[in-house]
Amino acid sequence: MLLEVDNITVAFGKVSAVKGISINVRDGSIVTIIGANGAGKSTTLRAISGLEKLREGQIRFAGEVISDLPPDKIVGRGIAHVPEGRRVFPDLTVEENLRTGAFLRKDLDQAEADLRSVFESFPRLSERLGKNAKTLSGGEQQMLAIGRALMAKPKLLLMDEPSMGLAPVVVDEIAVIIRKICAGGVPVVLVEQNAQLALRLADYAYVLETGRVALEGDPDALLDDDHVRAAYLGV
Amino acid sequence: MVELLAQTGLNAIYAAAYMSLVAVGLVLVFGVLGVINFAHGELFMIGAYVVVAVFADFQMPYVLAAAAALVFVGAVGVLMERAMFAPLRENPLGGLVASIGFLLICQALVSVQFGVRMEHVPPVTQEVIVISEKVRLPVHRLTVILASIALLSSLWIFLRKSKFGWALRASSQDREAASLQGISISRISIIAMFIGGALAGIAGALTAPLISVNPHMGHSVIVAAFIVIIVGGVGSLEGAVVASIAYAFVHTVITTFWDGVIADIVGLALMLAVLIVKPTGLFGTADRA
Chain A
86 MLLEVDNITV AFGKVSAVKG ISINVRDGSI VTIIGANGAG KSTTLRAISG LEKLREGQIR
146 FAGEVISDLP PDKIVGRGIA HVPEGRRVFP DLTVEENLRT GAFLRKDLDQ AEADLRSVFE
206 SFPRLSERLG KNAKTLSGGE QQMLAIGRAL MAKPKLLLMD EPSMGLAPVV VDEIAVIIRK
266 ICAGGVPVVL VEQNAQLALR LADYAYVLET GRVALEGDPD ALLDDDHVRA AYLGV
Chain B
84 MVELLAQTGL NAIYAAAYMS LVAVGLVLVF GVLGVINFAH GELFMIGAYV VVAVFADFQM
144 PYVLAAAAAL VFVGAVGVLM ERAMFAPLRE NPLGGLVASI GFLLICQALV SVQFGVRMEH
204 VPPVTQEVIV ISEKVRLPVH RLTVILASIA LLSSLWIFLR KSKFGWALRA SSQDREAASL
264 QGISISRISI IAMFIGGALA GIAGALTAPL ISVNPHMGHS VIVAAFIVII VGGVGSLEGA
324 VVASIAYAFV HTVITTFWDG VIADIVGLAL MLAVLIVKPT GLFGTADRA
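Heads up: the sequence lines are chains A and B, in that order. Residues 86 to 320 in the working numbering are what the first sequence lists, from first letter to last. Residues 84 to 372 in the working numbering are what the second sequence lists, from first letter to last.
Don't take each hint at face value.
Just a few of them, taken from the derived set where beta-carbon distance is under 7 Å, the chain A residues facing chain B [claimed, not checked]:
no.	residue
1	GLY186
2	LEU189
3	LEU193
4	CYS267
Honestly, the hints are just simulated from the structure, not real lab data. Each residue gets a CB set at the ideal place from its N, CA and C atoms; glycine is no exception.
Given only the sequences and the hints, what does the whole structure look like? Please build it.
Spelled out as structure tokens, the structure:
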């Protein structure tokens, strides 16, 4: 198992946002976490990246405990995180944003090659190389955020609501990109409000409700589940 | 009249030069650490006292004293980061209060060591460039101007061209997103505090032979620096430099033709006007306000 989230609890003051969640990610797979607002999806992802401290439980990556490391060390272990709301650096250029993603890398030649391949995957970014990130459209910023995460050469990619606020055409593009990333050997943990999209992409799915795993299993099975259909697919 | 204006212009450029050094450091620290360092003026003051100790008392070369101020005050900045700002990382208001405490400690320590009297730093050079009968530029003032330009250009190149420069800018734009790129917030905060301290220290060291050095000299500098930062736009280094220049010109012109107190009032009034018309400052972005 590449990533093992083992019965974690995260609390803000007296309120627990995540109450004993366990999630496993195996190599070569897309795992999705769906659920309503406030179900604890983002908090789980942020806990994996070290942005939230655990009250209980443990997170292991490639067999090693990472839940006591600061975020920058976790990036060093090979987990990249595309945060909710994209969070590109607004006053850095597209190129500087991407190079910042490679901050920890020592293999500079390989990083240059990866930069070129990001531009090949996202031709619209290469057109805007020298522009500040804040001048990009929402879809372009999302691609920049994904490209920036890929520049870290991750072993696992966490994505928090990549479809948020994007036009349907762009969402389709993002879906293709996520498939490509996984096919390229980087497993993905995808947090989504857009359950339709997430279940279509994923190999395995978790449904969170009020900080707990309510359901988990094969996405196709969940697509047929009456509760999931009523609560998350609106059918 | 033309000569008076020319002389005032030269004075303003000098004031803008050292003011920029102080303001840019303060902006950098606020951007990266998210803390308003009220003791930034005291870092300027300590820089001046390093010159008092090394150059005036121990009679070492002035260049050595200035270099010592740069390194020593940079180190004081790092000490502040480790001792105060790091433990209060999630509590910017606590950081601000701690910095006010640090300010008082600095003033007290310097008073105990050097006394509260004004220190006289002997002139480094008496030479004056005579442009015309009434337009004169003391060589030391020219040194301050050139050194400031050199330091700010180096900083600019560092921020644009180096990996750690990008990391500093990225951290000041979005600290959490920066940590998700593998940038260590601790390390980048140390770097920011070193640079901020070093710039304030060298500004104090450069101006020490030209102004009255006393334990409370940081006060006027920090007030001016705050005005400059608010006018320029909190978080914008370019804005801080441009606003320093604008403020220095306005302040110097009014001081020359009317009065220093009126100049202070006009400075504050300008800040208010900018806050009313464009609350993010002239160069600031909305989410930084």
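Here is what the structure says about each hint:
| no. | hint | in the structure |
| --- | --- | --- |
| 1 | GLY186 | 5 Å, holds |
| 2 | LEU189 | 4 Å, holds |
| 3 | LEU193 | 10 Å, violated |
| 4 | CYS267 | 20 Å, violated |
Violated hints, listed in ascending order, are 3 and 4; each of the other numbered hints is respected by the structure.
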